[in-house]
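Colleague: All chains, please: the whole structure from these sequences, using the hints.
Residue numbers (my numbering), protein chains in the order written: chain S, 33 to 544; chain L, 33 to 544; chain C, 391 to 863; chain X, 391 to 863.
Hints are computed from structural coordinates only; laboratory data are not their basis.
A hint or two may mislead.
[To be verified] Far from chain C by the CB rule (all over 10 Å, computed), these chain L residues:
1) P36
2) E331
3) G360
4) P503
[Claimed, not checked] Here are the simulated DSSO-like cross-link-like pairs (lysine-lysine), alpha carbons at most 30 Å apart as the crow flies:
5) X:K602 x X:K554
6) X:K713 x L:K507
7) L:K408 x L:K487
8) C:K844 x C:K803
9) X:K844 x X:K803
10) L:K189 x L:K408
11) C:K410 x C:K455
12) X:K425 x L:K236
13) X:K466 x C:K455
14) L:K527 x X:K554
15) C:K844 x C:K786
16) S:K538 x C:K628
17) X:K410 x L:K408
18) L:K153 x X:K466
19) C:K844 x C:K810
20) C:K810 x X:K803
21) C:K395 x C:K410
22) L:K469 x L:K507
23) C:K755 x L:K487
24) X:K844 x C:K466
25) C:K844 x X:K395
26) X:K425 x L:K469
27) C:K455 x X:K409
28) X:K786 x X:K855
29) X:K786 x X:K730
30) C:K854 x S:K59
31) L:K59 x X:K713
32) C:K578 x S:K330
33) X:K425 x L:K357
34) L:K527 x X:K730
35) S:K469 x S:K487
We treat Cβ as the ideally placed atom computed from N, Cα and C, and that holds for glycine.
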Amino acid sequence: NREPLIFELGGKGRTGIAIPEPEEEVKRRVGRVEIPSEMRRDREPGLPELSEVEVVRHFTNLSQAAFGVDNGPVPLGSCTMKYNPRIAWEIAGDPRITNLHPLQDERTVQGLLEMLFELQKWLANITGMDTCILHPAAGAHGELAGVLTIRRYHEVKGQIDRKTEIVIPDSAHGTNPASAAMAGFRVVEVPSAEDGNVDMEALKSIVGDSTAGLMITNPSTLGLFEEHITDIARLLHEHDALLYYDGANLNGIMGYARPGDMGFDIAHINIHKTFGAPHGGGGPGAGPVCIKDRVVDKEKGVRLSDLAPGYRVIYDEDTGLYRVKGPGEHSAGLLKAFLGNITPLIWGYVYILSMGPQGLRKATEHAVLITNYFMKLMENVKGYTIPYGKGRFRKHEVVLSAQPMAEEIGVTAEDVAKGLLDAGFYAPTIYFPLIVKEALMVEFTESETPENVEKYVERLKEISRIAYSNPSEPKTWPRNTSVGRVDVVKANHPKHVTPTWRIHVKRLRGEI
Amino acid sequence: NREPLIFELGGKGRTGIAIPEPEEEVKRRVGRVEIPSEMRRDREPGLPELSEVEVVRHFTNLSQAAFGVDNGPVPLGSCTMKYNPRIAWEIAGDPRITNLHPLQDERTVQGLLEMLFELQKWLANITGMDTCILHPAAGAHGELAGVLTIRRYHEVKGQIDRKTEIVIPDSAHGTNPASAAMAGFRVVEVPSAEDGNVDMEALKSIVGDSTAGLMITNPSTLGLFEEHITDIARLLHEHDALLYYDGANLNGIMGYARPGDMGFDIAHINIHKTFGAPHGGGGPGAGPVCIKDRVVDKEKGVRLSDLAPGYRVIYDEDTGLYRVKGPGEHSAGLLKAFLGNITPLIWGYVYILSMGPQGLRKATEHAVLITNYFMKLMENVKGYTIPYGKGRFRKHEVVLSAQPMAEEIGVTAEDVAKGLLDAGFYAPTIYFPLIVKEALMVEFTESETPENVEKYVERLKEISRIAYSNPSEPKTWPRNTSVGRVDVVKANHPKHVTPTWRIHVKRLRGEI
Amino acid sequence: MIETKSHPWIPSLTEESVKKMLEVIGVGSVSELFKDIPSEILLGEDSWNKLEIGLGRPLSEIEVKELVEEKLSRNKVFNPPPFMGGGVYPHYVPPVVRYIISRGEFLTAYTPYQAEISQGLMQALFEYQSMMAELLEMDIVNASMYDWASSIAEAALMAFRVRKGRRKILLPGNMNPLHRRVVETYVKPQGLMIETIPFDRELGTVDAEAVKSMVDGDTAAVYVQYPNFFGIIEDNVKAIGEIAHEKGALFITGVYPVALGLLKPPGELGADIAVGDGQSLGLGMNYGGPHLGIFAVRYDMNLVRQMPGRIIGLTTTIDGSSKAFAMVWQAREQHIRREKATSNICTNEALMAVASAVYMALLGKTGLRRLAELVYYRAHYASSRMSDIGLTRVFKGEFFNEFPVSFNNIGVKYSAVHEKLLEHGIHGGLYIGSYYPELGEVALYAFTELHSVKAIDRLIETLKKAIEEVRGR
Amino acid sequence: MIETKSHPWIPSLTEESVKKMLEVIGVGSVSELFKDIPSEILLGEDSWNKLEIGLGRPLSEIEVKELVEEKLSRNKVFNPPPFMGGGVYPHYVPPVVRYIISRGEFLTAYTPYQAEISQGLMQALFEYQSMMAELLEMDIVNASMYDWASSIAEAALMAFRVRKGRRKILLPGNMNPLHRRVVETYVKPQGLMIETIPFDRELGTVDAEAVKSMVDGDTAAVYVQYPNFFGIIEDNVKAIGEIAHEKGALFITGVYPVALGLLKPPGELGADIAVGDGQSLGLGMNYGGPHLGIFAVRYDMNLVRQMPGRIIGLTTTIDGSSKAFAMVWQAREQHIRREKATSNICTNEALMAVASAVYMALLGKTGLRRLAELVYYRAHYASSRMSDIGLTRVFKGEFFNEFPVSFNNIGVKYSAVHEKLLEHGIHGGLYIGSYYPELGEVALYAFTELHSVKAIDRLIETLKKAIEEVRGR
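Modeller: So, in C-alpha cells, the structure goes:
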C-alpha cells in the first residue's frame, strides 16, 4: 500500500476548494463575527492541506486498492452482491432528487413521492404483504423496526410483560439477535436439523406463552428453503406470537414464494441486496419493512401496520396529492429523522421498474441455477464438504466447509479466502453461519457469468492441491493484493490499536 | 496485462443493453422491413457478446491500466497536462449541453451561444487579437485554419502564385510543417541559435518575396522566450508575409505578453492545454483561432478575419439574440461540419471564468516558477545537460538532454523515460525538439506540487546513479507497469503488424 | 417491451448457458430447483406476472428513462435553495466528491471484510474517522451511523450500558424535535426514561440551572445540541458538561459540523460522546437520506468497549513490511457478539463517510473556518435585512446560521406567507409552530453559502411583497 | 470574490512554496523570470487585470455554478428530442458509456506515447478499431478523426496521394452538404477538383449512369454516402464502386453506422476507404461536437502507407511474456514525418472512440440489428402517419430512418409550421430548402429509438394542428 495517509500529503497554506470571502456590503452591515468567547474555537482543526488535484489523486489511488462488483466476482454469501445498473446510478444522482430538502413543501416533490408510493406498493406485492414502510436505513434497521412492531403488538394487547422472548434459529444472521435485544427481548435459539430445516421438535418445545415472535430467514443462510415454514407459522400464531421474515435471502425465492403467503406477519427487504442498489463499501442501504394488515385491536381499529415505526407515503384522493404521513399514535415512533434512504430506494425503484415481474423471477431463477451449478462442480473436491441438506438443491447460496482441510493439514477457511483474493476474486463470507465449521458461504447471484463460476471452482481446486502438497504455502497468501496478510492481532492490541490519526500522533508523542 | 481482449470475453446470446422490440401497432402498420436485397446485410457483425456487468468490469480494469493527471504527474513537454477541474466536468456534461442538436433553432440554445460568444471575446483579450473562431477541433486543426487563412490572404491579394513558402523554426512541433503542407505551402526551415532564439541572420536570408508566412511558437519548445519576436514580425510584415502563433506554449506567458502585441496576425489556442480541458487519451481537443482585424482589401471591405474558416457566434443587436454565422464568401470554408468541439470549449469557458485574469496570470507564474525550480535542481546532475539558452530562465518547460549518458554508457532518453514510469511518474516528451539530442522535454504546469518535482528530480538522479553503476539495468525497465517493455519493432513488422482483431484472426487463419 | 431471451443484467440468461447448467446439475428444468417449496405457497408464473410490480413487464432503459423523466419533472429544485434547515442544510457539494463516490471500486464494494483486497476503502474510512476526529477533537470516531438522530439514540443506549443501573437521560427542550422522537423509540423498549431540560424563553438557550437540579445519581447522560434547534449558540455547554460529570453522568453533545469552523469542538467542551450529521460536509440533502451519523468518543476503554458501529484501525502487515488497515474491536459488533452486541448496526453509511472525507480533505485546515464565517455572515445579513421589514428574531441568544422569525407581531399566518413565497418561486423557512405551539406563527430560517446576497435580497423583497399581499386579502 | 493567497488548482501558490522556490532559483521575485520579454510587449499586471476576461476576477465554484446555471436554463432540451438528423442523431447514450469515459484514468490521460503505462487506454483504442472494423467489415480502422466531414476530406487527400497525378474527385449531389463544404476546404489548396454526381430526382439515389460517364483516368476517387442525405438507401453502391475501380479510381463510402444493422457494410460493397461518424454510437449530440470521425481502409499497404491518423497495434512485450499494445506505422504521422506526413492530425477524438467502443460492446452481435430495425420501424411508422395527414415524402427510394417531407402540396411555408411546432414544445425536422432551393418547402425528418410511438403520435397531431393554424391565418 504505497499511497500515503492524507495527513502525510499536501503543504502549508494549500486548499482544495475556494470558499469566497463574505461580500463587503455584508461585512459592513453585520460587523464582526460575535461568538461567545467561551464557545469560540481558538485553533484550526488539524486537517491536512491539499490542493484539488492532490485530493483527486489520493482518492483515485485509494479506489484502485478497493474491490467491488465492478472489478470482479464478489460472491459473499448472504450479501447478494449483484451488479448495480448504471441507469439507476444516473437517475438516483439526478439533482431533482439529490437537491430536495426533506421538509420542503410536499407539492414540490410530487414526482419523488409518487415513485416512493409505487415502490411501497410493488414491494408489498413482491412480499405478499399489505403495507410497506420505506423508513429503515438498512437491513438491521428494518429488523429493529420489525421487532419494535412485535413489541408494540404485545403492548397494545396488554401482554408485553409475558411476551418476553424472540426465537431465532442458530443459523441466523447476527443482526437478528442483536435487533431483538435492542427491542428489549430475550433471545432464544432454536437448532437446525441435519436437513437444514429448523428442528421442529426443538421448536415446539421452545415456543410457548412467553414467545413474542420468531425471526427467520427463508431460504436459510445455508441456502435451503425451510420446508416446514407453514407449520412454523401455525405454531407461532397458535401462541399469539408473530413471525418475522429476514429478507436478506429473498433473492432465492422472489417470484416463486412470498413471505406473506408463508404466514409471515412482518418482513424486511434489503434494497441494496435483492434490488440492485450498491453497497457503497458498507452503506447506505435501505431496509423497508412490509407488514400484514392484521387486526390488533378491533375496537380501536388498530392494525399491525399502524404499530410500525416511520413515515408512510400516502395518496390523498381529495387533493390528488401524495403526502408524507408521520407515525401515528400507536406507532413505535421514528428510527431516523426523515423518510428513508432515498438514493438506494430509487435504485430499487429503477431496478424493479426495469425488470418487471418477469425479470425479477428470471433473476431468482438464475441466482438459483448458478448456485446449484457451482455446488455440483464442487461436489467431491478434496478438502471441502457441503454440510447440511444432503441431496437438496440450494437456492441463492451454498455453504461449503473447509473442515477436512483444516483438520487434516491446518489450512483454514481464512487461508482459502486469501487464496481466492490472489486469483482476482473477492472471498466468500467465512466462518458463517456459525453452525458450519470452517464455513465458506458462497453467493454468486444472477449477475455472475458461468465462466467466472468455473474459474472460481478451478481456483478452489487449485488451492486444495497446493494446500495438500505444501500446507505452509497458504499461510503466505495473499500475495497479489496491495498488501500482504494484515496483522489483525496487532491492530487490536491495546498498545497498538490506532483508530484515528489523532491517536497515532498521540502514541508517537508518548501521550498514550 | 491480464485483462483479456473484449473479443475473448462474453458468451453466445448475451447482450449489454436491451433494445426494445418495435411496438405491435408499429409493426402492423409498417409491415416487414424492406431493404433492397443487394443492400441487406446478411450476417451479423463480428462483435463480442457481453452482459452489462462484463462491459463495466472490462473497461474498469482497462482504465486501471491507464495513467492520467488524476493518477500522478504527467510532465509531458509542450502538452501542458494540467489538472482538469471537476467543476468543468460537471458543467460540460450537463444534458442541457450534451443533448442539444447543432441544427436546432437558435432561439432554443441562447445560453450556450452566449457562453461561446463570451469565450470568443475572452480569448481575443487573452491573445491580444480581435476576433476568435472556435471551430477547429484541435491544435493542428487550428493551425490548418490559420495557414488556410494565410493562403486566402495571398489569394485575395492576388499574390498566391508568388507566396509559396511558410518559414518554420527547426524547433517547431511536427504539426506546423504538416499543416503548412496541407494548405499547399512549401516549408522552409530556419535554424535556432545557441541562445535558443531564432537565428536572425539565417531568417533574414530566408524571408523574401516567396514567403507567405512564418509559424512559430513563443515561448519555443525549448521553453525560451523568443527575444527578437518584434523584429521577426517587422521583417515578415515588410515582405507582406503573415505571422502565425502556435499557441501550444501559451501557458508560459499568459498574462505577461500577448501574441497580438508581439505582432502576430493569427494565433491558435489549445483549450485542452492552456485552459484545463482534459486530453481524454488523445482528444477531443479544441483549437480556436484568433485573428487580427487587419484590412486585406479596403475597397471590398475584406478583413483578415473574414478569410478564416468556420462559424462565428455573433450577437444580433436588433433581435437581442445570439446567432451562428456560417463562413462568408471570402472565408476558407469549413473544417468540420459544425461549430466546434463544444465539450472542451465549455471546460475552457469554466476555467477562464473561474480564474479570471488574476488567476490566469498566477497560473503562468507558477508554471514558470516550478519549471525554473526544476531546472535549478537539475543543474550539474551527472549524465544530463541543459542545452541552449545557457543562463536564461525558462518559461513553461525545459528541455534536458541525456546525451552524456547515451554517449558514455549507452543509456538513452528512452531508458530514462522507462525508469521514470517505474517510480509512478509519466515520462517526459522524449526525442523532441529534434534539435536536442536525447531530449527530455519536461513541463510540470502550475498544477504540480513542488514535492512531486523534487521526487522527480530524485528519481532522475537515481536513474543516473544506477545507469553509471550498471548500464545494462535501465534496459530492463519498466518493471512496475502493467507490462514490461513493449516490442515496438514487432508491432510494426509486416509479418506481425496487427491493427485490429480482424487482422489477428485472419493471421491465425493464415489468410494473411 | 423487451424480450427476455437474454438480459443485460443476467449474463447466464441465454439458451446455451441454461442448457449447460441444467445438464451439469442433472435436472430437466429450472423449476425442479424449486420443488422443495410446498405447493400451497408456490407461486405460479402467471399469477406472479399479473401482480402489480413495476409496469407488469420488463422495460428497456430507454423506456425507463422516459418514464422517470416525467416524474422527475414534477420535483422542484429551488434556486436559490430553500431557506430552510432544521437539521438538513443545502450546502455546496463539490463535483470532486460526487466523482470519487461514483467510482465503481468504492460504489460497488461490500463492507471490507477481506482486508487485503480492500485497503483503499479501509484507508478512506480511516481517514474519514481521523479527519472527523480532528474536527471534533475527539479521539475515536466510528465509520458512521445512519444519521444524527439515530446517533443520539445509540449514544443514549451506550450511556445506559456504561452507567449500568442508571435509568434516566436528560434531553433539552431546544434540541431537534425529530431527533428527540428517535431517541424515544430506541430508549423506551429498554424501560428507560427521558426527562426534558427546559430552555430559556428569552435567550433560547438551555437552562443550566435546571440541569443542575435535574441531574442525579440515576442520570446516565445529559445531551446538549449546539447550535440548538433554534440556531442559537449554546454558551454554557462546558458548564452543563461539568454538572453532568459531577453526578457521574456522561455528557453527550450534538453538533452541526459546519459550525465547528467557529465554535469550540466537543472535545474541548468535555464531551464523552459527540454526535452530529455529516450531511453538511459534502452530501446532498437527498430528501432526508442517505445522510451520515457522526459518532465519536473519548479514548477511554470503558467507553470504547460500549461503542456501537464499525471502526477501522491502522496496523501493519504480519511481516511488518507495510502499513495496513483492519477492522478493530469487532467483538463489540453483532456479527460476533450477536444479542450481546453494542448495537445491531451492520450496513452503515460508508460511502457517505468517504464523501465526507473527500469534502474535509478539500476544505483543509482553514476551509472550515472560512465556510463557517461565510455562513455566519450571510445569516446575520439576512437577519438584519429581515428586521428592516419588521421581521424579528424570536430569541435573543447569539445565533450561527439559522433563527426562528416571528410573524406574530405583524399579524399574519405563516402558512399564507409561505404560499405567496411559493408563488414567487421561493421556498421560505420551516414552520415550527407545530413543534412549539406556544411560539405561535414562527418559521425557522436557515442560510448557507448557497444563499448569495442577491438571493437573500430577493427573499427579503419577496417576503415583504408576500406579507403585503397576505394583509391585502 | 475569492482570495488569491492560495488556489485549489495551483498547489504551489502559497507563501511558503513561493519563497522556497525563489530562493533555490536565486531570484527575488517571480517577475524576474519574465525579464527576457521585451518591455514594449510586457503587460503590466494592472492592464492585464483590466481586460474583459471572465468576470474580471476569480470566482469560487459556488459563484461559477450559480452563473452557469442561469445560462444553461436558457438551453432547451426537447422531450421528445428534435425530429431532426442531417448527420447528427439523438440516440440513447447508456449511462455506462458516460461512466466509463468519466473515469479519470481515461479522461485525464494524454496520447499514449509511453506504451507500458498506457496499456489500458491502448487496448481500449485497439478494441474500438477492432469493433468498428467488424461493423464495417474493413480491416484497418484508425483511432479516430475529428468527424465524418473531415474524414471524407482526409480520404479525398489520401486518394490523391494513392492515385498520384489524378486531379479529380467525384462527390454525389445527395451527400450531406456540410460534408461537401469541408471536402472543398481541404481539397482546393492542393489545386484539385471536385465534380458533382447528379441524383435521380424521383428516387433520390445517385445516378449510376452519370457516374459511368464521369469517371475517367483523372479521377482519383468516387464517394457515395449511404443512406444518403435524404435518408435514402442507395441501392447501387456496389455497382458504383465497380465503375470507379474499372477506371482505377478509389471507392470511398460514407455510412451512418446505425444503418449497418440492416445494410451491407462498406467492406462487402467494395470500399477502399470507409468513413462515417461515430456520434450515433454512444455519444451525445453535443451541439455538433465532439463527434467521432470514422476512417477505415482495406489491408493493402498502398492504402495503409497513405492513411492518416493514429493506429494502435497488438504486439507483445520484448520478452514475449505478455500481449501488449503499441502505436504502429507512426512514420506516417506528423511528429515523425513533419511536412511529408499523411496528415497534420495529432489530437483526435480518442475519448469518443473509447465511448463508442463501450457502446459497441454493450450492443454486441445482435444489438445493432435490433437497434436498426427499431429505428427503421419508427421512421416508417412516422412516414405512414404523416401521409394520413397529407404529408408526403419527396423521394420514392426506400429509406432508413430519415426522409424529406414536402409541404409544397399543402401550400404552407415550413418556417411557419416550424414556428407553431415550437410553440407546442416540439422541434420538427430540418428545413433543407436552403441547400436545395429546387425542392421548395421541404423539411428532413429523422427518427431514432428515442422517438416513441407516443412521441410520434404527438408529433403528427401537433403537425396537423400547426398546419391548420398556419392555414387559418
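Colleague: State for each hint whether it applies.
Modeller: Hint-by-hint comparison with the structure:
1. P36: The assertion about P36 of chain L holds, with a minimum of 15 Å to chain C.
2. E331: Holds, because the least Cβ-Cβ distance between E331 of chain L and chain C comes to about 51 Å, which exceeds 10 Å.
3. G360: Check passes; 40 Å lies beyond 10 Å.
4. P503: holds (30 Å)
5. X:K602 x X:K554: Holds, at roughly 21 Å.
6. X:K713 x L:K507: holds (19 Å)
7. L:K408 x L:K487: holds (14 Å)
8. C:K844 x C:K803: OK: K844 of chain C and K803 of chain C at ~26 Å, within 30 Å.
9. X:K844 x X:K803: holds (26 Å)
10. L:K189 x L:K408: violated (50 Å)
11. C:K410 x C:K455: The given pair, whose Cα atoms are some 35 Å apart, is violated under the 30 Å limit.
12. X:K425 x L:K236: Distance of about 26 Å is within 30 Å: holds.
13. X:K466 x C:K455: holds (18 Å)
14. L:K527 x X:K554: holds (27 Å)
15. C:K844 x C:K786: holds (26 Å)
16. S:K538 x C:K628: holds (24 Å)
17. X:K410 x L:K408: Holds, at roughly 12 Å.
18. L:K153 x X:K466: Between K153 of chain L and K466 of chain X the Cα gap is close to 24 Å, so the pair holds against 30 Å.
19. C:K844 x C:K810: holds (19 Å)
20. C:K810 x X:K803: Distance of about 45 Å is beyond 30 Å: violated.
21. C:K395 x C:K410: Satisfied, since the Cα-Cα distance of roughly 16 Å is no more than 30 Å.
22. L:K469 x L:K507: It holds: about 19 Å lies between the C-alpha atoms, which stays within 30 Å.
23. C:K755 x L:K487: holds (25 Å)
24. X:K844 x C:K466: holds (25 Å)
25. C:K844 x X:K395: holds (26 Å)
26. X:K425 x L:K469: At roughly 28 Å apart (the allowed maximum being 30 Å), K469 of chain L and K425 of chain X satisfy the hint.
27. C:K455 x X:K409: violated (54 Å)
28. X:K786 x X:K855: Answer holds: K786 of chain X to K855 of chain X is near 26 Å, not above 30 Å.
29. X:K786 x X:K730: violated (47 Å)
30. C:K854 x S:K59: holds (23 Å)
31. L:K59 x X:K713: It is violated: about 48 Å lies between the C-alpha atoms, which goes past 30 Å.
32. C:K578 x S:K330: Between K578 of chain C and K330 of chain S the Cα gap is close to 25 Å, so the pair holds against 30 Å.
33. X:K425 x L:K357: violated (42 Å)
34. L:K527 x X:K730: With Cα atoms ~26 Å apart, K527 of chain L and K730 of chain X stay inside 30 Å; holds.
35. S:K469 x S:K487: holds (25 Å)
Checked against the numbered hints above, the structure violates hints 10, 11, 20, 27, 29, 31, 33; every other hint is satisfied.
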